[in-house]
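Visitor: Here's the letter readout for the chains.
There are 2 protein chains.
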Amino acid sequence: MDKPYVIGMDIGGTNTVFGIVDARGNVLSKSAVKTSKHQDINLYIDEIYKELSVLIEKAGGISKIKGIGVGAPNGNHYTGNIEYAPNLQWRGVIPLSKLMSDKFGVPTVITNDANAAAIGEMTYGAARGMKNFIMITLGTGVGSGIVIDGKLVYGHDGFAGELGHTCSIRNGRLCGCGRHGCLEAYASANGVARTAKEILQNQNVDSLLRNTPIESITSKDVHYAALQGDKIALEIFEFTGKILGEAMADFVAFSAPEAVILFGGLTKAGDYIMKPIVNHLEKNLLQIWQGKIKVLFSGLKESDAAVLGSSALAWEI
Amino acid sequence: MDKPYVIGMDIGGTNTVFGIVDARGNVLSKSAVKTSKHQDINLYIDEIYKELSVLIEKAGGISKIKGIGVGAPNGNHYTGNIEYAPNLQWRGVIPLSKLMSDKFGVPTVITNDANAAAIGEMTYGAARGMKNFIMITLGTGVGSGIVIDGKLVYGHDGFAGELGHTCSIRNGRLCGCGRHGCLEAYASANGVARTAKEILQNQNVDSLLRNTPIESITSKDVHYAALQGDKIALEIFEFTGKILGEAMADFVAFSAPEAVILFGGLTKAGDYIMKPIVNHLEKNLLQIWQGKIKVLFSGLKESDAAVLGSSALAWEI
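For the record, the sequence lines run as chains S and V. Numbering follows the numbering used here, in which position 9 of the first sequence is assigned residue number 9; successive positions increment by one, without gaps. Numbering follows the numbering used here, in which position 20 of the second sequence is assigned residue number 20; successive positions increment by one, without gaps.
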C-alpha cells in the first residue's frame with residue numbers, strides 16, 4: 001500500500017491526543033498536547049504540527065499518510081468546521097479541517113467525537129462487519145453515532161445523532177443544553193452522580209456512599225460501593241440502566257440496529273450497568289425485536305480508543 | 001423509455017388498490033379488489049392478475065412495465081414477504097413478492113405502507129429533492145418511513161421505522177401492540193377519539209361533541225367541532241399536537257432531517273393540528289434545530305397516494 005497509515009486526532013476539552021495508525025488498528029505512535037493552552041487557533045495548529053511531525057518522520061514521512069481524521073465536540077463533517085463548541089475555548093466557527101489540511105498537505109476530515117467512536121468500532125472494534133448499529137458514549141455527557149447501511153448518519157445539516165438529548169423524563173432534570181429531562185442528564189457520569197445525591201438526600205438509608213462528601217460523589221464511587229454490595233449503589237445502577245434501556249428501545253424502533261454499543265466511563269461498571277440496561281431494553285422493545293438486539297461494550301482499548309476512532313474516518317477519504 | 005410505466009399496489013386491511021403510473025406520477029388507470037375476499041392467497045393473486053391484466057393491456061402490454069411496487073402492512077423489503085400482519089387474514093409468512101413476480105413476469109418489490117408513502121413523497125410529492133426527511137402517517141395507526149441520504153432506512157432486519165411505537169407517555173395508554181404509552185395510542189385517529197372520550201368523561205364541560213354518543217366519536221367529529229370553535233375539540237388537537245411535537249423533537253435528534261412530512265386522516269384537520277405540532281416541536285428542539293425543521297403535509301392527492309407511494313418503489317428496482 002502506497003499510503004499505509006492514517007492520523008487520528010481527538011480534540012477534548014482538556015487534551016488533544018493524536019497518533020499514527022495502520023490498517024489493522026495498530027497505534028504506531030501517539031502523543032498529546034493541552035487543548036486549552038492556546039487561545040489562538042493558529043498557535044494550537046502550530047504546536048500540533050510540531051509534535052505530529054516527529055511521529056510522521058518516524059513513520060516514513062508525510063507521503064505514507066493517507067489522511068487525517070479528527071474527532072471534536074461539535075465537529076461538522078459537512079463543513080469541516082468546529083461550530084460553537086461550548087467546551088472548547090475557541091469561539092464561533094473554526095475551519096479546523098482546512099487549517100489542518102493546509103498545514104500538513106493531506107486531506108483532513110472531521111466529525112464529532114461520538115461519530116468518530118462509531119467509525120472506530122466499525123473499523124477496528126465491536127462493530128466489525130456490522131452495517132447497522134448505534135454507538136452510545138457514556139462519559140461526562142452522552143453522545144451517539146448512528147450507522148445505517150454501513151454509513152454514519154450525518155443528516156441534513158451534519159448534526160444527526162444527538163441521542164443524549166432525546167427526552168427521557170418529560171419536565172425532568174435540567175440538562176446542560178438548557179432543556180429538561182434529557183437522557184444525558186441521567187445516563188452520563190454526571191447524571192449518575194446526580195442520581196446518587198438525590199437518593200442520599202431524599203432517603204434515610206445507610207450507604208457506603210455516605211462516607212464521601214455528597215457533592216464530590218462520582219460514578220466511580222458508586223461502582224466501588226456496588227462492588228461491596230451497597231444497596232443504594234445497586235439502586236443507582238438499576239435506575240440508570242432503566243433510563244438507558246427505555247431510551248434504547250425507542251432508538252431500536254427508529255433504525256432497527258443489529259447492536260447497540262456502549263463506550264465510556266460508565267461501562268467500567270460492567271454487569272452492574274449492563275444487566276439493568278438489557279433487562280429494561282427487553283421489557284420495552286416491540287415484540288419483533290425482543291431477544292434480538294445485541295448490547296455490547298466497546299471493543300477498543302480505552303487508551304487507544306480516541307485516536308483509533310478519529311483515525312478510522314481517514315480511511316474513508 | 002423502453003419501459004415507461006410501473007405498477008403500484010397498496011394492500012390495506014379492507015381494500016387492495018392498484019394502478020399504472022408514469023415517471024411523472026400520473027396515474028394512468030387504477031382499480032381495486034377486496035383484500036379480505038380470499039382466505040387463499042393464491043386465489044387473491046389470481047383475482048389481482050385478472051383485474052390488473054386489463055389495465056396492463058390498455059397501457060401497451062407487460063413489456064411496458066418496469067416492475068411492481070407493493071405497500072403492505074408488515075411488508076419486509078429484504079425478504080419480499082408479508083410477515084405476521086395482524087390486520088390481514090393471511091397467517092404467518094406470505095412470500096408476496098415472489099408470488100407476484102412469478103405471476104406477472106416482472107420484478108416486484110415490497111415494503112410497509114408508511115415506507116411506500118415516504119418513497120412516494122420523495123418521488124412525486126412534498127419531499128421531491130430532499131435527501132433527509134421523516135414521513136409520519138397518521139391514520140388508524142401511526143406509521144413512519146425514514147429517508148436518510150436519499151435512501152429509505154430498512155435497518156438490520158427490514159423493520160426499521162416503527163416510530164408509532166416509540167414511547168410518548170411512560171406507563172400510558174395501552175397500545176394495540178400490547179405495550180403502554182406508544183405514540184400511536186395518542187396520535188392516531190383512534191388515539192384522538194380516545195382523548196375525546198377521556199376529556200368528556202373526566203371533565204364536566206359543555207361541548208358540541210356531547211351531541212355524539214361517546215363511543216362513536218371519531219377524529220372527524222373532533223375536526224367538525226373545532227371548525228365551530230368548540231373549546232374541547234381545540235383542547236384535543238392541542239394535546240395531540242403536543243404529543244406529536246414532543247415525539248418529533250426526539251426524531252429530529254436522531255436523523256437531523258430537513259423536514260417531517262405528515263400524511264393521513266388526521267392531517268385533514270389542517271392548522272388545528274399543524275399549529276400545536278409546530279409549537280411543541282419548536283419548544284422541544286435542541287437549539288441548533290430551532291426554526292429550521294420544516295413540517296409539511298403530504299404533497300400527494302389523497303385518492304392517488306397509496307398507488308403512487310407503492311409505485312415509486314418500482315422505479316428503484
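If you are wondering where the hints come from, they were derived from the structure by calculation, not from laboratory data. Just so you know, these numbers come straight off a predicted model, no measurement behind them. Treat the hints with care, since some could be wrong.
Stated by the list, open to error - Pairs of lysine-lysine residues, derived as DSS-like cross-links and limited to a Cα-Cα distance of at most 25 Å, are as follows: (1) V/K151 to S/K151; (2) S/K131 to S/K58; (3) S/K151 to V/K3; (4) S/K131 to V/K151.
To be verified - Some chain V residues near chain S, calculated using beta-carbon distances under 8 Å: (5) D22; (6) P86; (7) W90; (8) G92; (9) I146; (10) I148; (11) H156; (12) F159; (13) C167; (14) N171; (15) A256; (16) N279; (17) E282; (18) N284.
Claimed, not checked - Some residues of chain S that are not near chain V, with every Cβ distance over 10 Å (derived): (19) L88; (20) Y154; (21) F159; (22) L163; (23) I169; (24) R170; (25) E198; (26) Q287; (27) K292.
Glycine is no exception: its CB is placed at the ideal position from the N, C-alpha and C atoms.
Visitor: Next, verify each hint and record whether it holds.
Guide: So, going through the hints one by one against the coordinates:
{"no.": "1", "hint": "V/K151 to S/K151", "verdict": "holds, 12 Å"}
{"no.": "2", "hint": "S/K131 to S/K58", "verdict": "violated, 35 Å"}
{"no.": "3", "hint": "S/K151 to V/K3", "verdict": "violated, 32 Å"}
{"no.": "4", "hint": "S/K131 to V/K151", "verdict": "holds, 14 Å"}
{"no.": "5", "hint": "D22", "verdict": "violated, 29 Å"}
{"no.": "6", "hint": "P86", "verdict": "violated, 11 Å"}
{"no.": "7", "hint": "W90", "verdict": "violated, 18 Å"}
{"no.": "8", "hint": "G92", "verdict": "violated, 14 Å"}
{"no.": "9", "hint": "I146", "verdict": "holds, 7 Å"}
{"no.": "10", "hint": "I148", "verdict": "holds, 6 Å"}
{"no.": "11", "hint": "H156", "verdict": "holds, 4 Å"}
{"no.": "12", "hint": "F159", "verdict": "holds, 5 Å"}
{"no.": "13", "hint": "C167", "verdict": "holds, 6 Å"}
{"no.": "14", "hint": "N171", "verdict": "violated, 11 Å"}
{"no.": "15", "hint": "A256", "verdict": "holds, 3 Å"}
{"no.": "16", "hint": "N279", "verdict": "violated, 16 Å"}
{"no.": "17", "hint": "E282", "verdict": "violated, 12 Å"}
{"no.": "18", "hint": "N284", "verdict": "holds, 7 Å"}
{"no.": "19", "hint": "L88", "verdict": "holds, 16 Å"}
{"no.": "20", "hint": "Y154", "verdict": "violated, 7 Å"}
{"no.": "21", "hint": "F159", "verdict": "violated, 5 Å"}
{"no.": "22", "hint": "L163", "verdict": "violated, 6 Å"}
{"no.": "23", "hint": "I169", "verdict": "violated, 8 Å"}
{"no.": "24", "hint": "R170", "verdict": "violated, 7 Å"}
{"no.": "25", "hint": "E198", "verdict": "holds, 18 Å"}
{"no.": "26", "hint": "Q287", "verdict": "violated, 7 Å"}
{"no.": "27", "hint": "K292", "verdict": "violated, 7 Å"}
Figure legend: structure checked against the earlier numbered hints; hints not met, in rising order: 2, 3, 5, 6, 7, 8, 14, 16, 17, 20, 21, 22, 23, 24, 26, 27.
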